[in-house]
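Given the coordinates of chain A, assemble chain B onto it according to the supplied hints.
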Amino acid sequence: MKSYDVIDLATRNLRESLFRNSLTTIGISVGVASLVAMLSLGIGLQQLASRRLQKSGLFDTVVATSRRDIRNFREQREEGPPPAESPALDEPARRKIEQLPGVVEAYPDIRFVTELRFDDKPHLSMVAGVPFSAKNNNDAFDGMQGRFFSSEAVREAILQKSFAEELLGKTAKPGASDTDTNIAELAKPLLGKELVMRYAERVAPPPASPSSSPSSLPSTTGPGDGAAYSVISRQQTLTIVGVTDLDPDSMRGAARARVFLPLKLAQNLHVMQSELRDGSASGAPTYTSLSVRVGNPNQVPVVEAAIKKMGFSAFSIVDATRSMRQFFAVLDVFLGIFGSLALAVASIGIVNTLVMAILERRREIGIMKALGASDADVRGLFFAEAGAMGLVGGATGVALGWTIGRLINLGTNIYLVRQHFPPAQIWSVPLWLVLSAITFSIVVSLLSGLYPAARAARLDPVQALRYE
Amino acid sequence: MDGMGMNSLAVCTENVCRHFQMGEALVRAVDGISIDIRAGEFVALLGPSGSGKSSLLNLVAGLDRPTSGAVIVQGNNLATLSREKLAKYRLHTVGMVFQSFNLIPSMTLLENVELPMRFAEVDRRERMALARQALERVGLSGRLAHRPTELSGGEQQRASLARALINRPKLLLADEPTGNLDSRTGTEIMELIRSFNQSLGMTVLMVTHELALAEKYAGRMVHLADGRLAHDVGNDDLRNAPNASPVRTSEQGAKQ
Chain A
208 MKSYDVIDLA
218 TRNLRESLFR
228 NSLTTIGISV
238 GVASLVAMLS
248 LGIGLQQLAS
258 RRLQKSGLFD
268 TVVATSRRDI
278 RNFREQREEG
288 PPPAESPALD
298 EPARRKIEQL
308 PGVVEAYPDI
318 RFVTELRFDD
328 KPHLSMVAGV
338 PFSAKNNNDA
348 FDGMQGRFFS
358 SEAVREAILQ
368 KSFAEELLGK
378 TAKPGASDTD
388 TNIAELAKPL
398 LGKELVMRYA
408 ERVAPPPASP
418 SSSPSSLPST
428 TGPGDGAAYS
438 VISRQQTLTI
448 VGVTDLDPDS
458 MRGAARARVF
468 LPLKLAQNLH
478 VMQSELRDGS
488 ASGAPTYTSL
498 SVRVGNPNQV
508 PVVEAAIKKM
518 GFSAFSIVDA
528 TRSMRQFFAV
538 LDVFLGIFGS
548 LALAVASIGI
558 VNTLVMAILE
568 RRREIGIMKA
578 LGASDADVRG
588 LFFAEAGAMG
598 LVGGATGVAL
608 GWTIGRLINL
618 GTNIYLVRQH
628 FPPAQIWSVP
638 LWLVLSAITF
648 SIVVSLLSGL
658 YPAARAARLD
668 PVQALRYE
Chain B
260 MDGMGMNSLA
270 VCTENVCRHF
280 QMGEALVRAV
290 DGISIDIRAG
300 EFVALLGPSG
310 SGKSSLLNLV
320 AGLDRPTSGA
330 VIVQGNNLAT
340 LSREKLAKYR
350 LHTVGMVFQS
360 FNLIPSMTLL
370 ENVELPMRFA
380 EVDRRERMAL
390 ARQALERVGL
400 SGRLAHRPTE
410 LSGGEQQRAS
420 LARALINRPK
430 LLLADEPTGN
440 LDSRTGTEIM
450 ELIRSFNQSL
460 GMTVLMVTHE
470 LALAEKYAGR
480 MVHLADGRLA
490 HDVGNDDLRN
500 APNASPVRTS
510 EQGAKQ
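Heads up: the protein sequence lines correspond to chains A and B, in order.
According to the working numbering, the first sequence is numbered sequentially starting from 208.
According to the working numbering, the second sequence is numbered sequentially starting from 260.
So that you can see chain B by itself, here it is in the shape it has in the complex:
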């Protein structure tokens, strides 16, 4: 990792809130969270269910919009992007991995991995080769023509990792990636994610409730409770660093 990459901000939330109206009650799923995540960090979001970790992840993923506050990724405030721009953001900037894999059952693995490239309008011939390469990288070269239901959970999650990375995103968002896997395959997946984080310099934000996994793989653990930040362990305390803000602006200037 170069020093510049380590210091640049990948994700920044500013007092972000996501409230839902559930009948009479107002549910404050995310209630004023501010975190900065630097490029190349591996951050685990921890907390009991209902603490707002998945809601926060959806906000960062651009799948949902905050009720108030800002989510800034690479200088763009997602809250103000048009639906179309937000779709482009999801397409090119983030890759997502889910607990339930979310592969499309009617498509083969190759087609599943190819799908995001269709949205990105990658040339047809190029797509096949890239999808094949991506699946080979996660060790599924013998499963290209299989449908997801014919595979084990670990294999499906590896395929979905291949799919998440196919458009070379800067940010990998994982929502309980090992939640449906036994501990051995869960470890395999985590090793893969770590290798992407380390070799490709990808920023990883992972929701999990398994503290052990988070401690083993994540460089930083953000604990949430009731939609608020509880503790932020392993943070190099960027917020308190005297030159934090200038670094951020210079990074933005460099990007633009």
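With the rest of the complex left out, here is chain A:
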């Protein structure tokens, strides 16, 4: 039989016992719906978590430090050269790291505690340099008030919310929820205002700083361990362009900054960094640490190993997040299993319906065989019926699952808003899920049709025609 005729006869048979076949199809669609709803929630939750985590650099960043740095005492036991012989973490080393396969960029970590004056009142904060690429990579800058830095070395600053509160004299009351203060109102009086940063510039000998500002004061020389340098007090006026609610620097823990400058600007200022140990005999600047951003989180261990091989200490947080990713993997599997259970029940429904149809259409099958239908024709017919129920059940199931997921998302968001959390997308139905759910449904249905179809095909026409 031609496939058109198989489909035509199959749909006509399905329509013939519409009620029973509809019930079976609904069974399939409920199975598919639960599968889609469960998986869409699993995927959505995972995306929500990983979006935030990946943009915060947890997954794709390796922090490289020099082993000469005494802060790395905990890594002393590692193989490789002893701290005194390990290479300096300087500009050539940075470029070399940036050349490693898989590395997107490697930028120095610049952070220092300094005084910032606003309205002539001094405030103390950790200041950090932010690479220009963070504009697109850091979730915290996505939803902030104001805007990101206009260029790579512009004299602009972005404040973290808690510092903004401090500047305005609004001290957060203990116990009050974070979202009690409106970030937009907080930002309004600050955006465009000026902030004066006072800092200590480290000047390498001979002092050849051409652009010393008038306010610079001669200062003490640094603690001498071979290479001498002087420290000059300077100040820099910054324009506040943005206030962020989320913490762009969440990975840093206690050393978290509350004021952010463009990285190039921070580098150009040559700020004396508190922890810096200058060990380079040549006097060339060395970095305390480098943040190495990797294109694909999977490459983090490779890059980490490569940096260690170069003689530096490397640290990534991928290990720490592995258990979390494992959790989501397990969650997805479990949600999938529960969804599939429903589909398994539905497939038993298909087997039942088709076996019933064989009993009911026993005579009809006998007639068709007497008229010359081959085993393949009869098998194809039952197969097509199973497949059609799978297709329709799968399609309506996806729609139903999408709706269920959407309702759960809506309900959760109402709850979140009531609890003063920002609404979140905890549900996601990617195209691959839609297509694979329908395919899965058809495949399951066809498998369920396998036995009834084979049984119908082997039916003895004499027996089938014998009884009235």
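If you're looking for bench data, these hints aren't it; they were derived computationally from the structure.
These figures come from a predicted structure and were not determined experimentally.
Each hint can be trusted.
Straight-line Cα separation of at most 25 Å, SDA-like style, residue types lysine to any residue; simulated pairs:
{"id": "1", "chain 1": "B", "residue 1": "K347", "chain 2": "A", "residue 2": "D215"}
{"id": "2", "chain 1": "A", "residue 1": "K377", "chain 2": "A", "residue 2": "D452"}
{"id": "3", "chain 1": "A", "residue 1": "K209", "chain 2": "B", "residue 2": "R427"}
Some chain B residues well away from chain A (every beta-carbon gap over 12 Å; in silico):
{"id": "4", "residue": "L285"}
{"id": "5", "residue": "R287"}
{"id": "6", "residue": "D290"}
{"id": "7", "residue": "G328"}
{"id": "8", "residue": "A388"}
{"id": "9", "residue": "G401"}
{"id": "10", "residue": "A404"}
{"id": "11", "residue": "E409"}
{"id": "12", "residue": "S442"}
{"id": "13", "residue": "E450"}
{"id": "14", "residue": "N456"}
{"id": "15", "residue": "Q457"}
{"id": "16", "residue": "G460"}
{"id": "17", "residue": "L472"}
{"id": "18", "residue": "H490"}
Taking CB as the label site, the calculated pair distances span:
{"id": "19", "chain 1": "B", "residue 1": "M387", "chain 2": "A", "residue 2": "P630", "range": "54 to 62 Å"}
{"id": "20", "chain 1": "A", "residue 1": "Y211", "chain 2": "B", "residue 2": "H490", "range": "45 to 53 Å"}
{"id": "21", "chain 1": "A", "residue 1": "Y211", "chain 2": "B", "residue 2": "D485", "range": "47 to 55 Å"}
{"id": "22", "chain 1": "B", "residue 1": "E380", "chain 2": "A", "residue 2": "I555", "range": "31 to 39 Å"}
{"id": "23", "chain 1": "A", "residue 1": "R662", "chain 2": "B", "residue 2": "G291", "range": "28 to 36 Å"}
Glycine is no exception: its CB is placed at the ideal position from the N, C-alpha and C atoms.
Chain B in isolation, oriented as in the chain A frame:
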């Protein structure tokens, strides 16, 4: 009829047996029957119920396989054909008519008649026209869109005749075609079958227990009893003809 057609063999059974195991007992439904039927013959199979006439018909129809012996139709031994080949044989070589009509109740007459052409993969547009023509030929042009249950028994049997002939088979097998009909409509059906036999040169093998009908329409009456051949009335005694076998082989050669 041309002489060649009259002499060629359509069906030949050679000591064919069909035994069923019914619990402990072995039922010998067909127990060693050998008959030759020439192309264009109208043969009635007669006998009391349980004599094995329907079982023999099912063997010739390719619906069942013999326990032993051979059923040779147009040079093919049905006993050795694969299931697929047997289905093709049922599709193209034989047309069947049943006592209970066996039309598919969910389909209209037109669709019922069209059905065998679906299995034969006839083009869709062509099918409709052919089915319509076939129904017109049996006088049902006004009933095309009716379902079988809306029709009288005679009309249903005429539709099933139209269906049996739609793929132009060489052999028409009828199992008590008038058994569910009153005598007047039964006669109508028999007239139709005779006209197909005579005008189309179709070989007809009909199971019946009505001797009168058989005498009126069939050129030959084969009586069965207990699965065996009792008498063969009207046979031109082909078996005893000296040139029977050569005719058969030459016919086979011509077919191939």
